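Please construct the entire structure, taking both the sequences and the accompanying hints into account.
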Amino acid sequence: MSKSVKVISVVVLIFFILGICSISFAEKKVIRMDAREYYPRERLSTDRWNPPTYLWRLEKEYETLHPDIDIQFIRPPEGMDADVWLTTQLTGGTTPEISEQLFSEVNRNAYKGWYVDLAPFLEKPNPYVKDNKKWRDIFLEIAIATGKAPDGKSQYVLPIGITGTAIFYNKDIFKKVGVKVPGTWKEFIDIQAKIKQAGYIPFAFPMAGEKMRANWSLRTIQDMILDSKMAEIKGVKGTVKRTAIEASAISQKELVQAIKKGVYSVRDPQWQEQLRLFKEWSKYWEDGYLGVDSQGAYMLFINGQTAMMYESAAQIKPIEVDPLRKFQYGLFYFPRITKESSKYATGISAAAVGGVTGAGAWIIPSTTKDRGLLNEAIDWLMFITAPQNYIPMANDLGAAAPALKARKGLDKRLEPFVKSLERGVFRVESFYRGLTREYAESFYQILQQYLADKLTLQQACDQIQIEMEKAANALIDARPEWGIKK
Amino acid sequence: MNRKFKELKHDLLFHIVITVLVFISLYPFIFMVISSFKTTEELYHNFFGLPSYFEYRNYADAWREVSPFFLNTIIVSVITMVGVLTLSSIDAYVFARFIFPGKEIIFILFLSLLMIPGILTLVPRFLVVRDLKLLNTYWALILPYIAGGQVMPVFILRSFFSSLPKELFEAAKIDGASESQCFLKIALPLSKSILFTVSLMNFLNTWNEYIWPLVTVTKAELFPITVGLVVFQSRYSGSATWGPLFAGYTIAALPIVILFLFTMRYYIAGITSGALKA
Amino acid sequence: MKSLLEEIVKKRNCYLLLLPTFVLLFIFEYYPVFSAIYNSFFDWDGFTSPRYVGLNNFIQLIFKDPVMSVSAKNITILTVFRVLIAITIPLIAAELVFNIFNMKIAYVYRALFVIPMVVPSMVNLLVWKFVYNPQYGLLNKFLKIIGLSSLCRAWLGDFSTTLYAILFLGFPWISSLWFLIFLAGLQNISPDIFDAAKIDGVTGLNRIRFIDIPLILGQAKLVLILSTINALQGYVGIMVLTSGGPGNSTMVPGLYLYNNAFYFNKMGYACSIGVILFSILLLLTYINLKYIRSSEESQ
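Protein chains in written order, with numbering that gives the first Met the number 0: chain A, 0 to 485; chain B, 0 to 277; chain C, 0 to 298.
Just so you know, these hints were derived from the structure itself, not from any lab. One thing to keep in mind: the hints can contain errors.
[Stated by the list, open to error] Once the Cα atoms are required to be at most 25 Å apart in a straight line, the calculated SDA-like pairs of lysine to any residue come out as: (1) C:K10 / B:L187; (2) A:K407 / A:E319; (3) A:K195 / A:Q304; (4) B:K218 / A:D69; (5) B:K218 / A:N108; (6) A:K282 / A:Q304; (7) B:K8 / C:T202; (8) C:K1 / B:I104; (9) C:K220 / C:F167; (10) A:K252 / A:M211; (11) C:K220 / B:M114; (12) C:K289 / B:L112; (13) C:K9 / B:G175; (14) B:K165 / C:L16; (15) B:K165 / B:A186; (16) A:K252 / A:P149; (17) C:K63 / A:L454; (18) A:K152 / A:A118; (19) B:K8 / C:L204; (20) B:K191 / B:V256; (21) C:K128 / A:M211; (22) B:K191 / C:C13.
Bear in mind the structure is a predicted one, so any value in this text is a computation, not a measurement.
Structure below.
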């Protein structure tokens, strides 16, 4: 063979070997955990405070106890929607052994067979907790109850991070302008007008691609506006009480039925109040809010340019330790809508947005079972949820209160959010998690156009109604067991 | 004397206009490189000026973030380039030098690839890769790149091989050379500069791929530079630390620009000759 | 027949040598085309069983999908704009460089114009994303410095400006590839023609109009076809800068296809978008080729 052919074959062989090496040959059993917010990492120049690192310590302890296990941490790439990422993993079969997903999303997808049922394992004893007979006993009932699947028996998710939302405000600006914390929607709008006159941005609201804040706001406003109609929507007589579990009062099936009956309809002027009030509020947001994301809104707040922002418990620690903050801050709950602002108001207080929806909602994808790593993954989960491990880990992150019965050593700063749950959580879902993902996307686009005056209220509502009916029909097709006719 | 002055005046206008156009075209990158040396605070009050001192720490931070993505792109691009070169030169040689039944049909089949838009095949190709269990591996990127990257090189190389005088090969055959020796010792050496151009074109295309890796690779450690930069951007842009952000961009852009400055002659010659014939 | 078989066997090495390429092509190019067309008649989420819907996807897309209508409108605007730019501005730049008498400097200019093509496209997009940043970006800072701060706005967050911001990307649009093609075309014109023109007194703009342009019509057509195909499929820039927003004002078919496939899990629907785009591209290419052939015959 000539020299060049030899060279070429060697080169090709080398590349081939390189390629094969990219498939990892591990001797140990590898448990990959998508740790999300708990993902341990080094501090970077962009960090203004220390990132969480507690999982490294737990990893070390565990691997000393179990030398045949290798725990690896991953998380979805930043800038990417975590649900989209997880869905791609699930449909592609490349999921990590443990991941995290919001309970409403999990229960929406459960029928696809994506997750392992944790219920049988919750009945087993946790070897890492002293005197424990059943694993489920270490958790607060609300966590177990929230994570239950619609069938009432299976449990596909362990949601053990308690969080809530509140309006954070700059006390110094409030003092300077001479306004007080509002209790009603009217007071809320009035103080924002005053703050705007004084030259500050009253409220930093992110309305770019991410839908979270709009979601929280509309859930809360909708719960107050449709208060008088809740029973009718659910299809029962009497009243529908708020519970401690998000949107548990009215299920997705009941929502679709209400849409079909026309009881829950965008053409209903009572429904439309949500959009009217939301738009009224948008007058006091920052310029170009359609291009601002939550990080941008946070920066406006922390730099003292804006008086208020709408955030979750996860922001408590950052705000506390952020060196950029040069003012006193406070929290207040979402204001109550009264008859002064809308004729449909009943004066009921604003529902809480929160519950066991904070960091730490663990799922085990069914691929873990297929790979034969299920017992190992469960054992690791049992290890980290043991209170002596989980509480310091939660304190280290400071984003959510752990839903454990043991309360020793918990961070006190998260208490206000836990307390807010006593008001009861909103009863019916709003656009983001109520129907289909496509509906969420369409609704949001229409909402943006309505806020920017590209559509009138009537036009926006007509379009939303079409999308909503389309989504309801798609769900009816996907869930024939509901037995709803189109 | 008068004519030379006229020429200069004439040229001068062009020079000025071109310089302005070039400056505007390159300004965003010039700005990027200059800003990469400033600290974030300096960027706030000295936006347009030159940096007062060079903040190398930006590059240290950016390098730590960007280098794994870099490595991935290099590995994938090099392997793809080798694959494309090997296969396309063989194919072009076969098309140029042999006659066999169905040759025209097969060649037209080949050309029809030009008609297939990436948009049409994105979803099914993803499904194919998924069903072959290649997701999240280098092969998910390399194999489709080699497949798609064949068309232009085969086209260009084939017309080049056809243009080589037949006497060269006949003479070699008389001397007892086999067909593969003709290929390796005659055709390839003569087409060095075209091969070079073709490899560069392919290398650059692979470097710029964004959608395909986004769709098939979800493990962050396998991201190529295109996807990695977006992730990198979302973190640094969100916290408004522009210094390391621009340093990262510069790191991502610089090697290819330098590679090109050295090989530009071949690239331009290749495009102008090959593209015209097409 | 027998001699054909003999011929095939005799030349079997040819087929063998072409085999690896065609195996790859079949798996990753040809098969996906048929798979896409097949799947466009189904409603499928990629892993549960598909549901046959016939032409429903296409009817939905063409008549009943408001997002598709907006995408079609946007991509038409973008394509027309980009194609017009592609055949004019790089030509002007090529003419400018071509007419420089000093060869060395001309070479330097040519190299400088090529650099933007070499910078990775993602870096270019991300730098422009920064340019448009409302608080810290280059554009707004520039406007403030020259005293036009009233024009400052959230370029990518404002309904009235986003599409134009996308159009404006890459200013001054001297795309290196088209530039090189035109320059090569000009350089291929035989110098005798220029000498003859000078003798006849056809210089300057007249020369450009009557000599240069007709002689590079071939290049212009090539640029026309390539830039159209490119523009119709493009969506990476929009994906990175605006994700189609706000409110779908910058949504284009390519991005809508991506969202449907990987975000809404509607694989069948996404494939039908692809099939529609494919058909339009085929049609345009066919028209282009026919037009070229007929005009070449008339020459």
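Hint check:
no., hint, result
1, C:K10 / B:L187, "22 Å, holds"
2, A:K407 / A:E319, "22 Å, holds"
3, A:K195 / A:Q304, "11 Å, holds"
4, B:K218 / A:D69, "18 Å, holds"
5, B:K218 / A:N108, "23 Å, holds"
6, A:K282 / A:Q304, "16 Å, holds"
7, B:K8 / C:T202, "16 Å, holds"
8, C:K1 / B:I104, "20 Å, holds"
9, C:K220 / C:F167, "24 Å, holds"
10, A:K252 / A:M211, "23 Å, holds"
11, C:K220 / B:M114, "17 Å, holds"
12, C:K289 / B:L112, "20 Å, holds"
13, C:K9 / B:G175, "20 Å, holds"
14, B:K165 / C:L16, "21 Å, holds"
15, B:K165 / B:A186, "11 Å, holds"
16, A:K252 / A:P149, "10 Å, holds"
17, C:K63 / A:L454, "19 Å, holds"
18, A:K152 / A:A118, "7 Å, holds"
19, B:K8 / C:L204, "17 Å, holds"
20, B:K191 / B:V256, "22 Å, holds"
21, C:K128 / A:M211, "23 Å, holds"
22, B:K191 / C:C13, "23 Å, holds"
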